[in-house]
Amino acid sequence: DVKVTQSSRYLVKRTGEKVFLECVQDMDHENMFWYRQDPGLGLRLIYFSYDVKMKEKGDIPEGYSVSREKKERFSLILESASTNQTSMYLCASSSNRDRENYGYTFGSGTRLTVV
Amino acid sequence: RKEVEQDPGPFNVPEGATVAFNCTYSNSASQSFFWYRQDCRKEPKLLMSVYSSGNEDGRFTAQLNRASQYISLLIRDSKLSDSATYLCVVNYRDNNNDMRFGAGTRLTVKP
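Chains H and C, in that order, give the protein sequences. Residues in the first sequence are numbered from 2 upward in steps of one, following the numbering used here. Residues in the second sequence are numbered from 32 upward in steps of one, following the numbering used here.
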């Protein structure tokens, strides 16, 4: 069974801390994504990567950075966590093959609370 | 205007009912289309792709109208287990790395 694994299910961090969210996929997918999901706002794209060491800003990149040193791993970094970054963070991956049939595969999410 | 718009609901229907959701999208160059299902506090999971000719998977039927830029999902004979949020998803690019998500339509099926 194909998988996208996020390292933490729940996380509580203090304001100003540097936070790392890790995501690993075992499907050899080229594309990886980080979203945040908030009630009433749906999924909003933070950053994505279509290849190793490549990254592109999504719709809401401010306050975040990413790293993709290996194809299977895509990390989201909150440089200095703030309370407005309290949210559900979802990682996803996709393949350039079979694109019409399979869409994105999501990890189970990390619910981050910044206090 | 949002790129992908859905009626947020909630839709509350009895078991056995037929329910339909619509979704409109703004980018006429959109390449592919999907419906995802998201259970409470879980990640979205692919329910079905939406093909130009329309497609069916058991009790679920998806339709695409490119001219009017909308997608629909029909659920027949609703089950309690169909209770979830249904997300409409539109892919802008051919290489599957620019998906736009609707905010979701919440469905509750009651006994």
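If you're looking for bench data, these hints aren't it; they were derived computationally from the structure. Hints are supplied without guarantee of correctness; some may be wrong.
Claimed, not checked - Below, a list of computed lysine-lysine pairs in the BS3-like style, where the Cα atoms sit at most 30 Å apart:
| # | chain 1 | residue 1 | chain 2 | residue 2 |
| --- | --- | --- | --- | --- |
| 1 | C | K73 | H | K71 |
| 2 | H | K58 | C | K76 |
| 3 | C | K33 | C | K73 |
Said to hold, decoys possible - With the Cβ distance kept under 7 Å, some of the chain C side facing chain H (calculated, not the full set):
| # | residue |
| --- | --- |
| 4 | F65 |
| 5 | E74 |
| 6 | L77 |
| 7 | A98 |
| 8 | A134 |
Said to hold, decoys possible - Covered by chain C, per the in silico footprint, the following chain H stretches (three or more residues, Cβ under 8 Å):
| # | stretch |
| --- | --- |
| 9 | 39-50 |
| 10 | 104-111 |
Glycine included, each C-beta is placed from N, C-alpha and C at the ideal position.
Right, here's what the structure says about each hint:
1. C:K73 - H:K71: Holds, because 27 Å separates the two Cα atoms, which is no more than 30 Å.
2. H:K58 - C:K76: holds (24 Å)
3. C:K33 - C:K73: holds (24 Å)
4. F65: Holds, because the Cβ-Cβ distance from F65 of chain C to chain H comes to roughly 5 Å (cut-off 7 Å).
5. E74: Holds: closest Cβ of chain H sits about 4 Å from E74 of chain C, inside 7 Å.
6. L77: holds (5 Å)
7. A98: violated (20 Å)
8. A134: Given a least distance of 3 Å, the restraint on A134 of chain C holds.
9. 39-50: Coverage by chain C holds for the stretch 39-50 of chain H (5 residues, Cβ < 8 Å).
10. 104-111: Our answer is that it holds, as 7 residues pass the Cβ test (under 8 Å) against chain C, meeting three.
In this structure, only the earlier hint numbered 7 is contradicted, and the remaining ones agree with it.
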